[in-house]
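**Student:** So you can see what is in the structure, the chains are spelled out below.
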Amino acid sequence: MEEENKVTLHGTWFSPYAKRVELALKLKGIPFEYVEEDLKNKSPLLLKYNPVYKKVPVLVHNGKPIAESFCIIEYIDETWKNSPQLLPEDPYKRAKVRFWSSFIHQQLYEAMLTVMKAAGEAQGKAIKELLEKLQVLEEGMKDFFPNGTPSISNRNMGILEIMICSLLGPYKLQEEVIGIKIIGPEKTPLIFSWLTAINELPLVKELAPPQDKTVALLKFVRENALKSSSA
Amino acid sequence: MAEVKLHGFWASPFSHRVIWALKIKGVDYEYIEEDLSNKSELLLKYNPVYKKIPVLVHGGKPIPESLIILEYIEETWPENPLLPTNPYEKAMARFWIQFGVDKGPIFRAFFLSTGGEEQEKAAKDFLEVLKTIEEQALGDKKFFGGDTINLVDISYGYLAYWFKNVEEVIGIKLLEPSTLPRLSQWVQNFIEVPVIKESIPDRDKLLAYTRRIREKLVAEQLKK
Numbered sequence: 001m002e003e004e005n006k007v008t009l010h011g012t013w014f015s016p017y018a019k020r021v022e023l024a025l026k027l028k029g030i031p032f033e034y035v036e037e038d039l040k041n042k043s044p045l046l047l048k049y050n051p052v053y054k055k056v057p058v059l060v061h062n063g064k065p066i067a068e069s070f071c072i073i074e075y076i077d078e079t080w081k082n083s084p085q086l087l088p089e090d091p092y093k094r095a096k097v098r099f100w101s102s103f104i105h106q107q108l109y110e111a112m113l114t115v116m117k118a119a120g121e122a123q124g125k126a127i128k129e130l131l132e133k134l135q136v137l138e139e140g141m142k143d144f145f146p147n148g149t150p151s152i153s154n155r156n157m158g159i160l161e162i163m164i165c166s167l168l169g170p171y172k173l174q175e176e177v178i179g180i181k182i183i184g185p186e187k188t189p190l191i192f193s194w195l196t197a198i199n200e201l202p203l204v205k206e207l208a209p210p211q212d213k214t215v216a217l218l219k220f221v222r223e224n225a226l227k228s229s230s231a
Numbered sequence: 001m002a003e004v005k006l007h008g009f010w011a012s013p014f015s016h017r018v019i020w021a022l023k024i025k026g027v028d029y030e031y032i033e034e035d036l037s038n039k040s041e042l043l044l045k046y047n048p049v050y051k052k053i054p055v056l057v058h059g060g061k062p063i064p065e066s067l068i069i070l071e072y073i074e075e076t077w078p079e080n081p082l083l084p085t086n087p088y089e090k091a092m093a094r095f096w097i098q099f100g101v102d103k104g105p106i107f108r109a110f111f112l113s114t115g116g117e118e119q120e121k122a123a124k125d126f127l128e129v130l131k132t133i134e135e136q137a138l139g140d141k142k143f144f145g146g147d148t149i150n151l152v153d154i155s156y157g158y159l160a161y162w163f164k165n166v167e168e169v170i171g172i173k174l175l176e177p178s179t180l181p182r183l184s185q186w187v188q189n190f191i192e193v194p195v196i197k198e199s200i201p202d203r204d205k206l207l208a209y210t211r212r213i214r215e216k217l218v219a220e221q222l223k224k
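Protein chains in written order, with the working numbering: chain G, 1 to 231; chain V, 1 to 224.
Chain G on its own, in the form it takes in the complex (with noise of 0.2 Å):
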């Protein structure tokens, strides 16, 4: 049968969450055929497989749609059960993993997205709260860390490395559009260490968009933010 097993994602190349599903899937060696979709002239299949929000990553497997990032990925980790786990096995470890990831998510995703659409006080404030958000994170992820060196590899890679790695594995050159260091092994020495390990892997190498993409990417969104802020 041509639908069994099969796996496709409908994803765009700038979406940090389809990024996710995407590294997920890679880590766990899972053949799938990707579908670029144009959020301008979303594909009539997109529509049909996510009604609720029209939007990416939607996962089908078997011929059957699964939306939002995190329910994708844990449904990853319980059909396809080789390494690396995504999720750890002990029930309060998966919980801990379960807070970061949602941390990351909720809070630092929105954080970001506000310095980079703002400009002058309001963007000093954000920054402010940015990293007042990475140095809550800097000292949870000491709990995970508690030797101080990640060592990343593809086998030992989950979800919180996917979170983290999506949001802030371009940090370089967020930084860049924002005119501010966020990282450093001065400030963020243990989320500085792991992203660098993270970056290092030829996998995340491999599906990262290229660079001048990216920061044209990001200007443009800043841009934008910033012209209909003023308007």
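It should be emphasised that the hints constitute simulated quantities derived from the structure, not laboratory data. Computed from a prediction, not measured in an experiment: that's the story for all the values here. One or more hints might be untrue.
Stated by the list, open to error - Here are the simulated DSSO-like cross-link-like pairs (lysine-lysine), alpha carbons at most 27 Å apart as the crow flies:
1. V:Lys52 - G:Lys128
2. G:Lys6 - V:Lys52
3. V:Lys90 - G:Lys64
4. V:Lys224 - G:Lys227
What the hints assert, rightly or not - Output of the computed footprint for chain V on chain G, the stretches with three or more beta carbons under 8 Å from beta carbons of chain V:
5. 62 to 68
6. 71 to 77
7. 80 to 94
8. 98 to 109
Cβ coordinates follow ideal geometry from the N, Cα and C atoms, glycine included.
Since the structure of chain G is provided, determine the placement of chain V on it from the hints.
**Tutor:** This is chain V only, laid out in the frame that chain G set:
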């Protein structure tokens, strides 16, 4: 067995979710009522990031965030399962739970709306959310979980009692048989479930609290 404690607040629907799950699973627990204007040292130690209830503490290990606690309870005490075992159906259940989280700001906007066009829009937006929940999540089932309640029902549980008070305080009814017949029927069925029925706080006390908290939040919003 390691002891289970729950730090909660009598009026919080997030706190109630955890109580319902523990009771359904038959888990013995000690309940600690927190004074939100004077949070205990323990609570601040157990949830330093958000400093909020509920927090479940199992064998001294704290778990904050109601939805994360629910998944923890489900995984630790698998009897009387509250999530489907089939990975696809489980993913769909989690999708609908996340949908509720995602639409939280729309509920909040309705709750804190004060009048005029702003309130009309907030009411319309939340009604849309309820319609989606009724049509696509509930459908023709008795409960979101099918014949018995599951985590999806628990996550939307506040609609069955807390929301009624919101409607009364604001003076706008959204969830009624003429607009949402199936969801209204779900409300009736849900509050009749014994574990739910015995755990819902006194209506008048909760209504008074809803009024108070709304006033406080509206005032805070005006200051911003």
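**Student:** Hint by hint, note whether the structure agrees.
**Tutor:** Results of checking the hints against the structure:
1. V:Lys52 - G:Lys128: Distance of about 23 Å is within 27 Å: holds.
2. G:Lys6 - V:Lys52: 43 Å, violated
3. V:Lys90 - G:Lys64: 13 Å, holds
4. V:Lys224 - G:Lys227: 24 Å, holds
5. 62 to 68: Check passed, 4 qualifying residues.
6. 71 to 77: holds (count 4)
7. 80 to 94: holds (count 3)
8. 98 to 109: holds (count 4)
Checked against the numbered hints above, the structure violates only hint 2.
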